[in-house]
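The chain contents come next:
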Amino acid sequence: MGLLFSFFAVTALIVIVFIGVQAAHLHYLFGVIIPYAAFLTFIIGIIYRVVKWGRIPVPFRIPTTAGQEKSLPWIKHNKIDNPFTSLGVIVRMALEVLLFRSLFRNTKTELRDGPKLSYGSTKWLWLGGLAFHWTFLIILIRHFRLFLEPVPIPIEILEALDGFFQVGAPVLYITDLIFLGAVTFLFLRRVIIPQIRYISLAADYFPLFLIGAIGGSGVLMRYFLKTDVVGIKQLTMGLITFSPVVPQGIGIIFYIHLLLVSALFAYFPMSKLMHMAGVFLSPTRNLANNNRAVRHVNPWNYPVKVHTYEEYEDDFRDKMKAVGIPVEKE
Amino acid sequence: MAEPKPEELKPEELAKIEYKPPKTGWMDTPTVFKKGMFCYGNQPKFLKTVGFPNVRSWSVLDEDWKLPENWQEIFIEGLRERVGKYRSFRLFLDICVRCGACADKCHYFIGGGDPKNMPVLRAELLRSIYRKYCTTSGKIMGKIAGARDLTIDVLKELWYYAYQCSECRRCSVFCPYGIDTAEITILARELLNLLGLNTHWISAPVAQCYMTGNHLGLLPHTQKDTFDQMVADLEVVTGIKVDVPLNRKGAEILYYVPSGDMFDERGYFLTMATLLYFHEIGLDYTWSTYLSDGGNFGFFTTNEVAKRLNAKAYAEAKRLKVKWMIGGECGHMWRVIHQYMNTWNGPPDFLEEPVSPFTGTKFENAKSTKVVHICEFTADMIKHGKLKFDKSRNDNLIVTYHDSCNTSRGMGFFEEPRYVINSVCKNFYEMPENTIREQTFCCGCGSGLNASEDMELRLRGGLPRANAVKHVKDKYGVNRLACICAIDRAVLPALMDYWVPGVTVSGVHEMVANALICKGEKERTTDLRNEPLPGKEAKENV
Ligand code: HEM
Ligand code: SF4
Ligand code: SF4
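Here the protein sequences line up with chains A and B, keeping their order.
As numbered in the numbering used here, residues 1289 to 1618 make up the first sequence, in order.
As numbered in the numbering used here, residues 2 to 543 make up the second sequence, in order.
Isolated chain B, as found in the complex (with noise of 0.2 Å):
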């Protein structure tokens, strides 16, 4: 095919951007399906695993989706129950007043400049249909009242801009309603899962979880293997032996984190550097192979299979009879946690109330979940002077800090990592300020759109948040970009290699255990990446 690929189109090109809404209204103008902006359609036997319907293969670009025949009543039937089930979801259709303040808000239309892009105009998609079917004005006046027709076209649309939104909640902070249109578009998967319209890069990590534990399908033994090799790759750059208690019972703690962390570069580093700092301080604690992922892809899907794959959290600590937990670094596995988790799936009465072993804080804040992120854990330790660091192991790292969308705006964690990173590096500089805390801007892969199809989505989507990096780079000369997401961990060295080359990427405990002075350690000549440490690189060449 002639047209260029994205990766292969400049991004001075890219960042062309048109704003301006085409001539013919929304509703009138074809949604044409761009290659390079949709993830792949789901196959059918990741369908079937969990159980979903109309299990059957089809391509995104067919024009037959292979529908039951009776879709549009399956969707409207559904639309029904749920604006019946949800006081958010009818609400937020209720009363938008289209002032236009989210606008301009949602990182897809400022990297792409597609007006279905813009957060109330994905939301309208759906609400023109709930009007028509769910209300007495739009029954009656139709397109005039906004109103439109479920026809097979408007459900492509639904499904292509579904599938743009990565759930971030951008737009809901500065909506004066609070509508979120990210409920919006959780709710508008689940009415799109009745009808088996998916995604594989979604579908295929839910039936993986739900099976083995964790998203990537990594069998127990693969993941002891993967344990093992880090053991060996810490003691070659610490020179200590550290243990890897897995799914040992009667342990203290139950420490679970996105899968990401064993698999992904960036994210098997974090692992190791756990590993060290879990070891280092002496925690009595266990790894679980069932409970292998924190990370949910459910949550991309429905809210019944995001409970589904929740479950084996509270359980696992059940049989494992542990007294609390800690999570570690991931974004919507802490929205998950933090605002579902307790709902769906308990209360945990078999669990303590946690209080840190080493500090004895009783972690008000967690005491009903007793569920401890893992930089609260560390950020107490840090206070109580209770680690000791050499910063200047991490002086060649010029830091700044990624905001990840669902601990920002899913539940307001903010300083508690810039605690910690303070505490171990020496330089850090904050993007601007509209570019972080509750007002980050996504990577752009958020609800499961990090595919390899899709890069020209996720490109444009992380452009806002690349751009604040380049700003940072240029003022202060920033390498490094912190963040505690796996996703973030897996997608943005991709987005910074092409909007801000120079920029690496790692989690926050990463350069935890960098600075962290351990106990019969030898002199650290490396980092975890094996990269030689500030002032160390002459004495590898001699």
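Excised from the complex, chain A in its bound form (with noise of 0.2 Å):
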């Protein structure tokens, strides 16, 4: 249900581009007012969710500990996986965000007769959700040239990079390629891992669909159905300069592609993808174990009732000086 849901709504938006652009020719609509609104409320909704969690108190001080805690000084501590001092917190976060280190780790549980269990290394999601994050990054990257001008030296060597085997006219982007086979690859294991199946929502296809609509139409767009690459960029550094324009000629597929690119953004703070500034807060990883040598303090304690011991000797104080235990009050 969840997978046709989210294969529709997709295809709903595409429609709503040649209905809007194709038939209604409203352009500045599809060109300026609806990426402006998508931007806004991109920026604005994840100030606001970031800003909501950060403000929700920390009670406890609970890192997931997954190497040696510090301890005797000849007892050899693991810096990163448990870390002690803020440092160590932040090598461990770059390798988090950066290589999904903690997903590195995953492992297969298998059964065999006997009963026999063992637990085999898997990187394939690792190695998948990698390739997909980063190149979605490059290509993120990429696009900054329609939006300078004169396009920065460093982009035009990331570009020359991912172009670097020649390939075609326009030059192939390797990016492009391990970008759509990442996408779906994380699309199949969904639909084909029983586990996987049974656990997803719309909310898992969605962002699915569209992040794989948005690369297809791309790719269209430079390789196949040639579009009008000045007039693109007359329209986006209109946006970026906040003079809006919309040049004539250019073709419907670019329409798509906006949409798409706009309904990712006004939909990212409200879904799922907040994991990009979420795991930047999570308490079990941004955290140090250093508890026993400093006190965490927890904003909201409060007192509460508890059994003193006078209150104990009282309710035992026969039993205990009967057998010799020394008490407060004889």
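Honestly, the hints are just simulated from the structure, not real lab data.
Please note that a few of the clues may not be correct.
[Unchecked claim] Facing chain A, from chain B, some residues (calculated, C-beta under 10 Å):
| hint | residue |
| --- | --- |
| 1 | Lys-17 |
| 2 | Cys-97 |
| 3 | Ala-102 |
| 4 | Met-119 |
| 5 | Thr-137 |
| 6 | Ala-146 |
| 7 | Cys-176 |
| 8 | Ala-380 |
| 9 | Phe-390 |
| 10 | Ser-393 |
| 11 | Gly-503 |
| 12 | Thr-505 |
Note that CB positions come from ideal geometry on N, CA and C, so glycine has one too.
If you follow the hints, you should be able to join the two separate chains into one complex; please do so.
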């Protein structure tokens, strides 16, 4: 159900462009107003969500420790998987965000007769996830050429590296290939692995379809349905300089691409994609395991009713005295 | 009833596990309560002792759970309150991408195959309610957004699976965002407790612990009797008569342990061992009958009750005017000491930073909480050559070590116990890499699931652990499973008997005391269990 719903939702977005641009000629709406609105939603939404999370207290320091704690000086301390200092935490977080360190540990449980359980290492999700996110990032950075004039050297270099193989005209970007492959992989594992399909919601299929469609439309535009690049740059420069113009003659495929991207931006803050910001705030990863050395304060700690020693002694004084256990009050 | 009891089920049959989820979606698959997979409901008198709400008598299999009229309101209000108080909770409910990396990491899923025991789905059970009542998209889009109404069946399902999670945190190690399903379970249980929905096995110990200082409800004189018995037993084995300082003011150190160590068989040997060890080194210390449990079943109910039970530790240290504290071998006791105690009930300014009286070592890593783990203390003693061992007394033991969940993933306590074991035993073998240290498997009984009526759950959840033991038993002939947790000591024997017969269980310090050469001891012929030492079997027969 979630799968079909998401598929049709993305299809509907594309149909809307055909109606809105092709039939109703709402170029300004689709080229300027919606992108602005989506971007604003994105920025405000993310800030709102992060501030909201940030305001919630962290009552306890609960890092998940995945290595040896700092202990006696001669015991080798795992400074990354069980950080004691902020520096350790920064390294742990950096590895988590840049290299998906936890996912790298992934194993696959297998049960054979005997019974015999084994846990083989499996790196596919890690690899697919990394490929997906990194190519996504690179493609995103490459897009800055549309918003900057002159195009900065680092972006030129990135493009040159990305097109290293010099295949085809226009030159094929490796990242485009990997990106589409990775999205397909993530989608396929979601529908093929029974457990993953079982837990998947519309909210899991939708971003994959959306991102896949963004990639697909981008590739179509670049390699197959050649569009008016000069016109597009005029439009994007107009957007970034707050003097929007809508040049004539930009193909419908561009408007499709743009609406899908706008949809992603607008959807981002209210979806699971917020894991991008959330991962930095995760209390099991972003805190040092120095609990016994540095006291953690819970801002809402409150006094509680306890059963005091005095009450305890009152309950059991005779019994204690009878066996010679010292008491406070004879 | 015709249904076979799990203990009567053959291991081969129990190990036939179907991992394929059912055809119907999980929201549309009703949860059927299976005998052997849940604990009995709580009883009124224990709820009353600590002031839990909705005191009444009820039974899990009853249609009517006798909830207050406005139970939905109470639950949802409670949920809203807690997502505003715990960043962990809200974040973990918000950011899961359902990548499934955690799915096959849970021992209950591995040993049972029930998809709702996949950590991600366990969390979704509550997340779906959160979406419905705390997020806009869930309110508007309902099921398509993964939201669902809080009906009585949903509540029951939540209860069922909140008490099939041992809060072991294994899933959290593998999650790319560190989402800790244990944290979600902890708060789910807290919400259930607002409606008086607990288990007997948890609420009774909590009430007893509140009144008597320990879960088992051992009264001061009973504790004294047990110590006396231990002293007598030790004298038989070693010829040494040890002292047992009880509630002694002005000692340097207050030592405390889980109360299982005053009762359970392996725990009893461990306490004997500690008495001998502390006597031998001449530690200036005391036990306390008021602080007669470091374990904290309150931690399996609500944060507040956990804090209330924990308060006695620092209070007693203050009353007895000790300088610092040592904590015994226990898993969740140490999760609480390490990650919660100082925050709840500290700072313990009246104590001093712990320094070993024998080696001068400053325990820098414990300088604020001021509680040192006995294995840290012993490892330091051994490193400084303060203890003399006759390792050969343990030669008949082929040992492997079970990392308990709490000390592993809530602390990172791996090398200290291993160093101690290796110092007192010749034969030590590790279980496979993916089953130890931070990836260790639960005994199947953590977080108050160690009752007897949920034996099938325990045996299933314990399968991954037992299977790893079997691996080293087959390969190296392992016959001893060492651990530093009271629940482990109590439950692993049954698990071993079922899946890997022939493996015994003990605390680490029991083996320390076996090997420890003590002043004035007679020639030992038996270990602390009164079983012949290696090479001494023959003499007995002569
Ligand atoms: C700090 C930045 C980010 C980090 C550390 C991060 C990390 C991860 C990880 C570890 C996963 C699970 C593995 C996987 O399924 O690939 C994941 C999944 C995902 N991420 Fe990110 N991510 C980040 C930013 C983003 C952004 C900016 C987007 C897109 C707009 C995104 C989209 C996704 C999607 C769609 C999935 C789910 C894939 C699936 O359905 O299987 N992520 N992310
Ligand atoms: S590993 Fe983490 S993000 Fe992935 S499904 Fe499990 S809880 Fe969700
Ligand atoms: S905390 Fe442990 S028992 Fe609970 S869901 Fe995670 S792996 Fe399973």
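Chain A contact restraint on B/Met-119 - CB to CB distance below 10 Å = holds, 6 Å
Residue hint B/Ala-102, partner chain A, criterion CB-CB below 10 Å | Holds - the Cβ of B/Ala-102 comes within 10 Å of chain A, reaching about 5 Å at its closest.
Taking the least C-beta to C-beta distance, is B/Thr-505 closer than 10 Å to chain A?
-> Constraint on B/Thr-505 not satisfied, violated at 22 Å.
Holds or violated: is there a CB of chain A closer than 10 Å to the CB of B/Ala-380?
-> Interface hint status for B/Ala-380: holds (6 Å vs cutoff 10 Å).
Interface hint compliance - B/Ala-146 to chain A, C-beta minimum distance less than 10 Å | holds, 7 Å
Restraint check, 10 Å cut-off on beta carbons, for B/Phe-390 near chain A | violated, 19 Å
Is the hint on B/Gly-503 kept, meaning its closest Cβ partner in chain A is under 10 Å away?
-> Result: violated, 16 Å to nearest chain A Cβ.
Residue hint B/Ser-393, partner chain A, criterion CB-CB below 10 Å | Violated, about 26 Å.
Double-check B/Cys-97 for me: the hint is only fine if its C-beta lies closer than 10 Å to a C-beta in chain A.
-> It holds, given that the least Cβ distance between B/Cys-97 and chain A is near 7 Å, below 10 Å.
Interface hint compliance - B/Cys-176 to chain A, C-beta minimum distance less than 10 Å = holds, 6 Å
Hint validity - B/Thr-137 Cβ closer than 10 Å to any chain A Cβ | holds, 7 Å
Does B/Lys-17 pass the interface hint, meaning its C-beta sits closer than 10 Å to a C-beta of chain A?
-> The hint holds - B/Lys-17 has a Cβ within 10 Å of chain A, the shortest such distance being about 8 Å.
In this structure, the earlier hints numbered 9, 10, 11, 12 are contradicted, and the remaining ones agree with it.
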